[in-house]
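Could you build the full structure based on these sequences and the hints that come with them?
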Amino acid sequence: MYQFSGKLKMFSIALIVLGVLGIGIGFYNAPSTVEEAMEMVSSADHGDGHGAEASHGTASNEEHSSQSHSNEKHSSGTHSTDDVHEENHDEVTKDSHQSDDHSVNEAHGGNHDDAHAEHVFHQLQNRPWSAVYVALLFFLGISLLVLAFYAIQRVAQAGWSIVLFRVMEAITANLVPTSIIMLVVIVLTAMHGNHLFAWMGEGVFDKTSENFDPIVYGKRAWLNVPWWVIRSVFYLLVWNAYRMLIRRNSIKEDTVNDGYKLYKKNYNMSVVFLFLFMITESMAVWDWIMGLDPHWFSTLFGWYVLATLLVSAITVIAFVTIYLRSKGYLPKVNDSHIHDLAKFMFGFSVFWTYLWFAQFMLIWYADIPEETTYFVLRFTEYKTLFLSMLVMNFVFPILLLINSDFKSRPWFVIIGGLVILAGHYVDLFIMIMPGTVGGSWSFGIPEIGATFFFIGIFIYTVFSAFAKADPVPKGNPFLHESEHFHYFNIEHHSEEDNQH
Amino acid sequence: MSSSKVIHAFYNDDEVVLDAVKKVKAANHHIEEVFCPFPVHGLDKAMGLAPTRIAITSFMYGITGLGIAIWLTYYTMIADWPQDIGGKPSFSWAENMPAFVPIMFELTVFFAAHLMVITFYMRSRIWPFKKAENPDPRTTDDHFLMEIELHDNEEELTALLNETGAVEINVVDKH
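Quick mapping for you: the protein sequence lines, in order, are chains S and E. Mapping the first sequence onto my numbering, position 102 (from 1) lands on 102, and the numbers just tick up by one. Mapping the second sequence onto my numbering, position 23 (from 1) lands on 23, and the numbers just tick up by one.
These are calculated hints, taken from the structure and not from any lab test. Bear in mind that the values here come from a model prediction, so they are computed numbers and not experimental data. Think of the CB as a built atom: it goes at the ideal place given N, C-alpha and C, for glycine as much as any other residue. A few of these clues could be false.
[As the list claims (entries may be wrong)] If you want a taste of the chain S side facing chain E, the calculated C-beta under 10 Å gives, among others:
(1) 483
(2) 486
(3) 488
Given below as structure tokens:
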């Protein structure tokens with residue numbers, strides 16, 4: 001049996017404390033009045049890690065905010081959308097930025113400055129929330145997708161992965177705390193504790209209000225707060241219910257000895273879960289991520305986020321497995337198991353690229369303004385991240401993991417995995433941030449703090465869950481097959497080290 | 001010449017033939033060939049064959065396909081008859097690149113796959129209407145056949161092969 005060492009426990013608690021501090025600093029530094037926000041923008045705003053963006057920071061801020069601002073008001077929306085749209089053709093340079101910015105400003109008329117200030121104020125207020133939200137969805141999503149991957153193993157009656165079952169189950173334990181935090185965020189959001197979702201703003205559904213938004217109004221059957229909360233709670237309930245049941249039954253399988261009756265029951269349960277998962281995951285992604293840009297839509301979005309989270313989830317399984325194996329707690333796991341996980345990392349990286357490109361190319365090709373705004377914003381304000389994400393999520397994994405031998409070496413898997421995880425965090429970052437903080441983004445203490453916080457929770461829950469069960473699922477009928485799993489084409493290096 | 005005589009050992013299981021190959025190799029006999037109805041994983045390694053280089057050729061064919069796709073899209077869509085792609089008349093290959101990615105992908109795969117198969121056929125010296133070389137039709141159904149050259153050691157080999165679980169052993173003249 002594995003013992004959750006005190007050292008690791010201290011480390012995870014230290015990460016949580018650091019994370020809370022970072023998140024706290026983020027909230028403390030967020031402006032509480034419009035004046036404060038303007039001061040922040042005009043003075044030291046871009047000293048905090050913008051790097052290349054710093055040079056045209058203020059200009060692009062204004063340019064962007066007038067754009068999404070008019071989106072919210074919509075009456076003048078088409079104006080600025082077209083402007084930005086044009087920019088994309090001309091391969092935006094710093095100069096065209098500023099000149100376009102001017103024309104947008106002029107088009108907006110006199111009271112622009114006040115409205116703009118208030119908009120930046122809301123964006124800066126959103127920043128600590130968004131920082132937590134990105135990290136929260138990343139870790140919630142990873143835990144959920146590990147659960148889904150685990151359910152797939154059960155439904156497919158896969159032979160190779162049985163010795164990894166307890167690792168996967170342990171990782172899904174992280175679903176519980178992340179779901180609870182998500183629930184808190186959902187309740188606070190619904191009670192207007194933050195302005196993450198533009199469509200929850202005041203007067204958006206009120207025809208007499210100046211904030212009235214006819215497009216969001218047309219989606220009111222889906223986009224209304226009570227129905228949003230009910231759905232969100234439903235997703236979390238379904239996922240957690242399955243996790244609780246399958247974990248309990250899986251441990252019971254070890255001792256029950258009932259002619260695999262329980263095993264078949266778990267199979268059926270996993271089939272039902274996968275069916276519900278495919279629906280709830282897609283809908284949760286619409287509600288929690290696509291809803292941040294309520295005018296925009298993509299039918300591929302659920303799949304695309306699924307791919308992002310799935311490749312991250314498998315990477316995390318590989319990391320935890322490699323760590324536990326190096327400590328000697330997984331004697332049955334051999335290089336072929338690592339090799340298979342790395343194959344999935346490689347394969348799903350390509351799958352992610354395929355879906356990302358399928359979504360991008362159709363929008364690029366059709367060139368419809370209400371669709372292209374999504375990429376225009378990301379390509380102007382988040383260009384470095386946007387392009388580096390493609391390298392990290394596609395080019396790097398392809399080059400590093402295409403070699404069969406490399407896939408069974410833990411060091412290569414860890415290097416590749418770190419880049420994949422960073423890349424998909426950035427991917428999620430630029431899915432969420434443009435809709436919440438727009439051009440006022442940066443990567444600093446709140447973001448790092450939130451990530452630390454959730455890594456700490458992850459380590460604490462995962463390793464204490466792993467300590468609670470036998471690392472080998474003795475009752476599984478395919479255990480023997482998994483123990484002897486050997487991919488014919490590779491040498492088992494680590495076993496030679498251990499056994500000879 | 002005694003070396004024209006070969007011994008044919010039949011097996012009816014891929015695991016058994018794999019173990020038999022290892023045993024025969026361990027006894028320092030040269031295995032001429034193993035005929036199988038389907039590919040047996042690890043057999044090439046057990047027989048001591050050099051690793052295949054077909055992956056390298058495949059990579060080169062893929063690069064060729066990619067290059068041809070880039071040239072093709074450039075020549076047909078930009079240079080020879082400039083096209084307004086998706087309402088974006090930039091007439092630049094780089095700016096229209098997203099539209100060409102599917103073509104680049106398809107031609108890469110097309111070249112890699114087809115030329116790799118053709119290379120494999122040529123290296124294996126097989127082509128349409130060629131007379132089959134396998135010594136026994138059962139190797140296309142459910143039997144595995146190991147062929148070993150004889151050097152006046154018929155009895156010794158037969159004993160060894162019997163030990164490895166062969167279901168039938170024949171000594172034949174190879175023409």
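Each hint tested on the structure:
Below 10 Å, beta-carbon pairs count as interface contacts, and residue 483 of chain S has none with chain E, the closest being about 17 Å; its hint is therefore violated. Contact between residue 486 of chain S and chain E, as hinted, is supported at the beta carbon level, the nearest pair being about 9 Å apart and thus within 10 Å. A least Cβ separation of about 4 Å between residue 488 of chain S and chain E falls short of the 10 Å threshold, and the interface hint therefore holds.
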